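Q: The residues making up each chain are set out below.
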Amino acid sequence: MISVESLAVVFNKGTPLERRALRGVSLAVASGEFCCVIGSNGAGKSTLLGAIAGDVLPDSGRIVLAGRDVSRLPAEARAGLVARVFQDPLAGSCGALTIAENLALAAARGQRRGLAPALGRARAETIRTRVAELGIGLEDRLGVPMGSLSGGQRQALSLVMATLAPSSIVLLDEHTAALDPANAEFVLDLTRQLAERFSLTVLMVTHSMRQALDLGTRTLMLHEGEIVLDMTGAERASLTVEDLVERFRTARGQELAEDRLLVG
Amino acid sequence: MSSFAFFGAVELGLVYAFVAIGVYLSFRVLDFPDLTVDGSFPLGAGCAAVAIVAGWNPWLATALAMAAGALAGFATAFVSVRFRILHLLASILTMIALFSINLRIMGRPNVALLNQETVLSPFYGRGLADHLVRPLFLLVLVALAVALVAAFLKSDLGLAMRATGANPRMARAQGVRTGLHVMAGVALSNALVALAGALFAQTNGFADVTSGLGTIVVGLAAVIVGETLLPRRSIALAIAACVAGSVLYRLAVQLALNLDVLGLQASDLNLATALLVLLTLILPRFRKGASAA
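If you're matching them up, the sequences are chains A and B in order.
Under this note's numbering, the letters of the first sequence match residues 1 to 264, in that order.
Under this note's numbering, the letters of the second sequence match residues 265 to 557, in that order.
To be clear, the hints were calculated from the coordinates, so they are not data collected in a lab.
Since the structure is predicted, the reported quantities are computational estimates derived from the model, not experimental observations.
The beta-carbon is built from N, C-alpha and C at its ideal position, and this holds for glycine as well.
Do not take every clue at face value.
[Unchecked claim] What follows is a list of derived Cβ distance ranges for each label pair:
1. Ser531/B with Leu57/A: 40 to 46 angstroms
2. Arg72/A with Leu444/B: 16 to 22 angstroms
3. Arg192/A with Leu444/B: 35 to 41 angstroms
4. Thr492/B with Ser6/A: 54 to 60 angstroms
[What the hints assert, rightly or not] Chain B regions said to be covered by chain A (calculated; three or more residues, Cβ under 8 angstroms):
5. 420-427
6. 440-450
[Said to hold, decoys possible] Computed list of chain A residues with no C-beta within reach of chain B, every gap over 12 angstroms:
7. Ala77
8. Thr98
9. Glu101
10. Arg109
11. Gln111
12. Glu139
13. Asp140
14. Ser150
15. Ser158
16. Ala184
17. Asp230
18. Gly233
19. Leu239
Full structure from sequences and hints, please.
A: Right under this line is the structure:
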């Protein structure tokens with residue numbers, strides 16, 4: 001269970017470049033809910049995720065994760081509650097460390113780290129099993145530096161990393177946007193599987209209307225720092241991509257011509 | 265090269281192996297170029313020498329030197345992390361400050377340790393020549409340091425430190441307090457450099473306030489020579505390569521000084537080292553350029 005209450009974020013406050021990225025966003029996500037977030041560039045999607053993760057500190061409003069007010073905590077202090085996968089495959093893992101070391105790092109996310117070997121027998125076994133489940137043969141290359149893998153492989157491993165330790169919310173920030181279609185499909189499938197298997201609570205930002213309707217249980221649309229659409233259940237099930245584009249156009253009040261939004 | 269000169273070079277290489285491991289931690293693991301070492305080497309030498317002259321147990325004096333080095337490293341990292349001052353600049357400030365502090369600690373530019381009890385005293389006169397006892401003793405200590413640092417870097421804490429240097433944003437997302445890790449890592453690095461200083465004073469019989477000049481370049485040379493000769497396979501091997509690099513570097517220097525044709529003097533050492541490091545930094549670019557063409 002996470003709740004965001006009247007969250008406001010202003011960038012460059014008090015300067016000519018002042019921009020209100022979030023204008024009082026309120027949102028409650030129940031445990032196990034999978035929300036897709038869409039919106040045009042600058043709508044505040046990434047800012048919302050950044051604020052929940054702790055990269056961006058809000059100007060007003062509250063963020064409560066698992067009953068704990070984390071509004072003022074830096075990212076590293078709330079990592080035990082928040083798991084993330086970034087858009088850039090290079091951002092979510094360390095290229096210089098091996099696959100096994102990256103996963104070991106994630107297995108201890110948010111926990112107190114001591115002097116025990118990072119790859120003790122039990123953890124090494126868990127890591128091996130989880131990587132083998134991907135079915136892409138990486139379990140035999142656990143000692144290889146992460147930097148030698150492809151973007152798709154790194155994103156798949158980043159998803160595994162995000163689910164090695166418990167979390168109250170998983171933030172996926174356009175995590176398939178930098179991949180080719182085949183790899184994007186693979187990573188999306190994996191996302192679906194893992195979310196189901198671990199009953200994850202997910203907030204996924206996407207630029208694809210199709211994904212926003214097909215994946216998960218709830219669709220949110222942000223526009224200029226506000227939530228302009230929030231649909232679940234039957235209402236959402238009856239929604240088509242065309243409907244969504246129409247709603248989107250209404251919200252923006254202009255043509256979509258030069259937007260990078262993808263239909264399909 | 266006489267065997268005396270050979271073992272002398274090995275001995276010096278093993279003393280500076282601690283510097284190499286320290287520089288590896290700051291430059292390679294934390295990606296924190298740290299010039300504090302030019303001050304923490306004489307700091308370690310001075311602290312140990314003064315404490316030994318004052319009648320301290322030499323092991324305790326050596327531990328004191330390490331603590332002082334750790335404090336110096338912590339000061340640099342704290343200023344850099346807390347006040348967001350460029351790491352190089354922060355470390356130069358500490359280095360300059362340490363020159364005055366070292367003079368205060370030692371009371372004069374040079375402290376002699378003649379006929380004083382050192383960590384090596386118990387091992388002298390037991391059938392092995394002194395010039396062999398020293399490198400052997402140092403080898404044991406270096407091996408211990410390599411094993412301990414390697415084990416640390418493979419622990420949860422050490423992995424967090426490596427992630428801090430490699431990808432700080434990812435490290436924070438995993439709950440790593442990167443600022444603390446930088447401070448701890450640079451402190452550990454300088455503790456090792458101060459240990460080298462303390463051992464240098466005890467094997468050579470004196471501490472000199474100017475002995476730190478160029479420590480960083482010698483440490484870097486050792487790290488780079490080691491990396492070039494032993495491309496890294498594992499973290500333990502990478503650290504062992506620093507040790508090998510340090511010894512080989514000293515042997516190369518000794519060899520060059522012995523070749524009269526070159527006409528080199530001991531005072532040319534810093535120039536030669538700077539050129540060597542520059543060369544090894546430039547070479548990989550040419551290799552890359554060649555393979556790309």
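Q: Among the hints numbered above, which are violated by the structure, and what are their numbers in rising order?
A: 1, 7, 8, 9, 10, 11 and 15
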